[in-house]
Amino acid sequence: MEMHRRNRRVLPQTHLSDLRKEINRQLGIDSVPQTFVFLRSVGRNFTQVRPKQEMEMKVKNYVPPFVSI
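Heads up, the sequence shown is in our numbering, so the first residue is 1 and it goes up one at a time.
Warning: the hint list may mix true and false statements.
Think about it this way: if two alpha-carbon atoms lie no more than 16 Å apart in a straight line, the pair counts; the simulated EDC-like pairs of lysine to aspartate or glutamate are [what the hints assert, rightly or not]:
id, residue 1, residue 2
1, LYS60, ASP30
2, LYS60, ASP18
3, LYS21, GLU56
4, LYS58, ASP30
5, LYS21, GLU54
6, LYS52, ASP30
Keep in mind the hints are simulated off the structure, nothing from the lab.
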């Protein structure tokens with residue numbers, strides 16, 4: 001996984017919990033707020049992803065739709 005100034009390249013099969021660990025490792029635990037959460041869309045609302053869900057959900061759930069022409 002590479003962390004750049006603007007872009008983050010992450011494998012789609014990476015779990016959110018692993019992404020959180022990698023962000024903390026690369027940026028330093030002091031740079032990331034302790035209240036940092038992942039959000040997911042449920043209907044027309046957003047809800048917080050719980051720690052147990054972070055171990056189950058993968059980054060591919062957050063990838064924008066891809067259109068091929």
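Right, here's what the structure says about each hint:
1. LYS60 <-> ASP30: violated (27 Å)
2. LYS60 <-> ASP18: Status holds; Cα separation ~13 Å.
3. LYS21 <-> GLU56: Between LYS21 and GLU56 the Cα gap is close to 15 Å, so the pair holds against 16 Å.
4. LYS58 <-> ASP30: violated (25 Å)
5. LYS21 <-> GLU54: Holds, at about 11 Å.
6. LYS52 <-> ASP30: Violated: LYS52 and ASP30 sit about 23 Å apart, past 16 Å.
Going down the numbered hints, you'll see the structure goes against 1, 4, 6, while the others check out.
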